[in-house]
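Assemble the whole structure, with the sequences as input and the hints as a guide.
Using our numbering, read the sequence shown as starting at 12 and increasing by one per residue.
Distance ranges between label pairs, derived from CB positions:
(1) ASP174 / ALA134: 16 to 24 angstroms
(2) GLN167 / MET194: 21 to 29 angstroms
(3) ALA218 / TYR49: 48 to 56 angstroms
(4) PHE50 / ALA155: 42 to 50 angstroms
These aren't lab readings, by the way, just hints derived from the structure by calculation. Every residue gets a Cβ at the ideal spot worked out from N, C-alpha and C, and that includes glycine.
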Amino acid sequence: MKRHTAGFTLVELVIVIVVLGVLASGFMAFFRPLIDGYFDARRRADLTDIADTALRRVAQDVRRAVPNSLNLIDATTVGDGSACLQLVPTVGGGRYRKGIDLTNDDATCPGAGDCAAFPDASALASAVVTFDVLLARFSGAQAALQGGNVIVVNNQNGNDVYDGSSRATVTAVAPVPKAAFGMQRVTLSRNPMAGGYDGGSFQVVAAGEPSVVYTCTNGRLRRSVGAFARAAACPAGGDVLATDVLSCEFLYQANMGGEQSGYLWMTLALGRGGEAISLAHGVHVDNVP
12 MKRHTAGFTL
22 VELVIVIVVL
32 GVLASGFMAF
42 FRPLIDGYFD
52 ARRRADLTDI
62 ADTALRRVAQ
72 DVRRAVPNSL
82 NLIDATTVGD
92 GSACLQLVPT
102 VGGGRYRKGI
112 DLTNDDATCP
122 GAGDCAAFPD
132 ASALASAVVT
142 FDVLLARFSG
152 AQAALQGGNV
162 IVVNNQNGND
172 VYDGSSRATV
182 TAVAPVPKAA
192 FGMQRVTLSR
202 NPMAGGYDGG
212 SFQVVAAGEP
222 SVVYTCTNGR
232 LRRSVGAFAR
242 AAACPAGGDV
252 LATDVLSCEF
262 LYQANMGGEQ
272 SGYLWMTLAL
282 GRGGEAISLA
292 HGVHVDNVP
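Okay, structure coming up:
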């Protein structure tokens, strides 16, 4: 008896390949939009996360900025992808003694003995001033009152803190003679209270971060550290907070939120791989010195 060899012919193989190709193309036509949609959604989610993190970082610095220190450098052309915002960030603040301590001063004060220290608002701006800190609150390891840091007092407008009239450098920090006098005794290089300010509050600026500029240009949002000078142009360089920037805008009104309460409106648009997102974020700005 003649045996037949098991298997398939070349024609059958070709037919199977053709049928599988037709089925595969049909499946791809059905599932391709789903696959593309998944990766598109993932790209949008990544862009949204980057934009949200960047805007929140800006808002964090704005909330801790010296009152009236926000400076819009280039934000007049909407949608041009270029915008710059400058501010003076604080690392803390507090209240200082404004007058004599009738309860705890020695009987020989003010001439001798352990006496409370407070600034003389009638003294010249060039005079060295010493005062006791009654209450202070700081954030971060570098935020403690220390020599080299800067004290800002009564910054009423956008120029004073930059030109130096409302700030002074800490030259010495010492313990108070009596615990009842306060937390620490601070000496400043000059008298920022010379204008007659009697509010009793102050802000502390770290020596290593006098001002911060957020620059949005060339497809990137950057954060750079600048000097105590009012910037007239967007600086180059800095730490990158976001890439793939399509447009960026800062809108600021110093009194929009009420008297001595400003409002900053920020928009940031990012795009990558054919996908684009746009986020907006608003921040209330406390401009009370």
